[in-house]
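Now for the letters of each chain:
4 protein chains.
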Amino acid sequence: MKSLLKTFPVIVKIPVIWGDMDSFQHVNNVIYFRYFESARIQYFETLGWMDIMEKMGMGPILGSTSCRYRIPLSYPDTVFVGAKITEMHEKRFTMEYLLVSEQYPEPVAEGTGVVVCYDYKKNQSTRIPEVIRLSIEKLEDRVFEID
Amino acid sequence: MKSLLKTFPVIVKIPVIWGDMDSFQHVNNVIYFRYFESARIQYFETLGWMDIMEKMGMGPILGSTSCRYRIPLSYPDTVFVGAKITEMHEKRFTMEYLLVSEQYPEPVAEGTGVVVCYDYKKNQSTRIPEVIRLSIEKLEDRVFEID
Amino acid sequence: MKSLLKTFPVIVKIPVIWGDMDSFQHVNNVIYFRYFESARIQYFETLGWMDIMEKMGMGPILGSTSCRYRIPLSYPDTVFVGAKITEMHEKRFTMEYLLVSEQYPEPVAEGTGVVVCYDYKKNQSTRIPEVIRLSIEKLEDRVFEID
Amino acid sequence: MKSLLKTFPVIVKIPVIWGDMDSFQHVNNVIYFRYFESARIQYFETLGWMDIMEKMGMGPILGSTSCRYRIPLSYPDTVFVGAKITEMHEKRFTMEYLLVSEQYPEPVAEGTGVVVCYDYKKNQSTRIPEVIRLSIEKLEDRVFEID
Numbered sequence: 143m144k145s146l147l148k149t150f151p152v153i154v155k156i157p158v159i160w161g162d163m164d165s166f167q168h169v170n171n172v173i174y175f176r177y178f179e180s181a182r183i184q185y186f187e188t189l190g191w192m193d194i195m196e197k198m199g200m201g202p203i204l205g206s207t208s209c210r211y212r213i214p215l216s217y218p219d220t221v222f223v224g225a226k227i228t229e230m231h232e233k234r235f236t237m238e239y240l241l242v243s244e245q246y247p248e249p250v251a252e253g254t255g256v257v258v259c260y261d262y263k264k265n266q267s268t269r270i271p272e273v274i275r276l277s278i279e280k281l282e283d284r285v286f287e288i289d
Numbered sequence: 143m144k145s146l147l148k149t150f151p152v153i154v155k156i157p158v159i160w161g162d163m164d165s166f167q168h169v170n171n172v173i174y175f176r177y178f179e180s181a182r183i184q185y186f187e188t189l190g191w192m193d194i195m196e197k198m199g200m201g202p203i204l205g206s207t208s209c210r211y212r213i214p215l216s217y218p219d220t221v222f223v224g225a226k227i228t229e230m231h232e233k234r235f236t237m238e239y240l241l242v243s244e245q246y247p248e249p250v251a252e253g254t255g256v257v258v259c260y261d262y263k264k265n266q267s268t269r270i271p272e273v274i275r276l277s278i279e280k281l282e283d284r285v286f287e288i289d
Numbered sequence: 143m144k145s146l147l148k149t150f151p152v153i154v155k156i157p158v159i160w161g162d163m164d165s166f167q168h169v170n171n172v173i174y175f176r177y178f179e180s181a182r183i184q185y186f187e188t189l190g191w192m193d194i195m196e197k198m199g200m201g202p203i204l205g206s207t208s209c210r211y212r213i214p215l216s217y218p219d220t221v222f223v224g225a226k227i228t229e230m231h232e233k234r235f236t237m238e239y240l241l242v243s244e245q246y247p248e249p250v251a252e253g254t255g256v257v258v259c260y261d262y263k264k265n266q267s268t269r270i271p272e273v274i275r276l277s278i279e280k281l282e283d284r285v286f287e288i289d
Numbered sequence: 143m144k145s146l147l148k149t150f151p152v153i154v155k156i157p158v159i160w161g162d163m164d165s166f167q168h169v170n171n172v173i174y175f176r177y178f179e180s181a182r183i184q185y186f187e188t189l190g191w192m193d194i195m196e197k198m199g200m201g202p203i204l205g206s207t208s209c210r211y212r213i214p215l216s217y218p219d220t221v222f223v224g225a226k227i228t229e230m231h232e233k234r235f236t237m238e239y240l241l242v243s244e245q246y247p248e249p250v251a252e253g254t255g256v257v258v259c260y261d262y263k264k265n266q267s268t269r270i271p272e273v274i275r276l277s278i279e280k281l282e283d284r285v286f287e288i289d
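Chains as they are written, first to last, in this note's numbering: chain A, 143 to 289; chain B, 143 to 289; chain C, 143 to 289; chain D, 143 to 289.
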């Protein structure tokens, strides 16, 4: 199961909570985005990004996100959420998420998120700082072409 | 603001709750999917679908969903979520959601959801029952080509 | 139903959301505290308290809370949450909550919350400012003995 | 830290999720009841209770619950929630919860929950089955006087 996540530099482990299930007795569709968010925030923490951006008066904003549900989850189980950055633009980048669980050999869900770099003082999107792009490239062990 | 929703046959009104905001002091990205879900369920209720499908041993399952965030929401505010069906296939259809709020003249967010008709006895996707497709066409006031 | 709330100076109206139900197909026990919180925040807004306290570098902190569940809620329904302050101390006060719904003639739940006035600069509880105690007394239309 | 939990026969470990924090940048008060619920459900699972009661057409219902907040939690952290049964009555029992975290040497919060045994066929509370009371006594390693 975990081999599915080997290309993901950031992985978070979260227990499935009984209260995350809805009337259909499966984990509610909304919770998957909480899982993705947890991996996204962990990714930012790994980069030390939250601190850097706060000092610079800028921060990451979620522009759009999506989820493709493959297998319904239920309690008890434990999920592992992988996050990686797959595309880099001047002011934004795209993340991919993969959700696997202890109960299933195949992926439970996959998702995407477009994160925009936002300047809080100017109230507009702004270039991703060089220091952050470099630390992403180091974490992903690749160089991004910026299109 | 509400004129933005005039092409949506189902609209739900939900107050923004203080507790739906996160550390960034805006409504958390996950909550938008709760808004979409509320409109989706209301759509099914309007069709009387939940009852019909339960009797037939089948039900709607969310296959995928997405959200494009345009304006950050905050408390206090009230949102209106429109839902309409825009594409029909043999075993699934696509919904579109539009989120508007009392505080802004433009849409706050928009989303999509692909809903699959699922046979709980056979554990596989199944054709959308004729009675349901017809009631959707009546509610949407249009005829769908099925591709 | 609403007559049950006539002694409550602050009342908020919240639709029951399908996604707030859990596997037992009733509104999850946790959500009731979200309802109470919404009434509590509305109470503070009514007093203009959030602004006053922010300027003073102090804020309300929830010290303890409780809920007594009487009737299980389910979707669809609409709840009304009343909040009033029933006891005043030097540095804290007690709120009572009453939850009623459109579906039932009797109260659905009742709760309490002890709110402590906290000085963020000194990191300790502090006296409730006179201006706030007076505005509470005006809203409650009574004078509190402070014990 | 964990020694605080040594008298609790059931303990669950849950990571603090970034999205569980609210505008005050601490874990929202409502989430603590999600933590308690997770320990309560785990307690029932440990007893095999969910299955037994389902077969008997009865189940546990939360009658009331409370929380005393001692230390504000924030991300990142990991909490441990202990649950034990401290009082037994004919048709209900009282649970106590203790919440500790990796970041603090003292308890973060404590709570209580009164659980009522409910007969779903007769729609009324009912006696706790002997088999369940005995398995609770075994797990708690004590005999309860029933008052």
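Quick caveat, the hints were computed from the structure, so don't treat them as lab data. Remember, it's a predicted structure, so these values are computed and weren't measured experimentally. Hints may contain errors.
Since the list can't tell identical chains apart, any single copy or any two copies may satisfy a pair.
[As the list claims (entries may be wrong)] Simulated pairs of lysine-lysine, DSS-like, Cα-Cα distance not exceeding 30 Å:
#1 K144 x K233
#2 K280 x K148
#3 K197 x K264
#4 K263 x K148
#5 K263 x K197
#6 K155 x K144
Against the structure, the hints come out as follows:
1. K144 x K233: So K144 and K233 fail the 30 Å test inside a copy (32 Å) and across (32 Å) alike.
2. K280 x K148: So K280 and K148 pass the 30 Å test inside one copy only (16 Å; across, 44 Å).
3. K197 x K264: both (15 Å within a copy, 25 Å between copies)
4. K263 x K148: neither (39 Å within a copy, 36 Å between copies)
5. K263 x K197: Cα proximity of K263 and K197: in one copy and across copies (12 Å, 22 Å).
6. K155 x K144: both (11 Å within a copy, 21 Å between copies)
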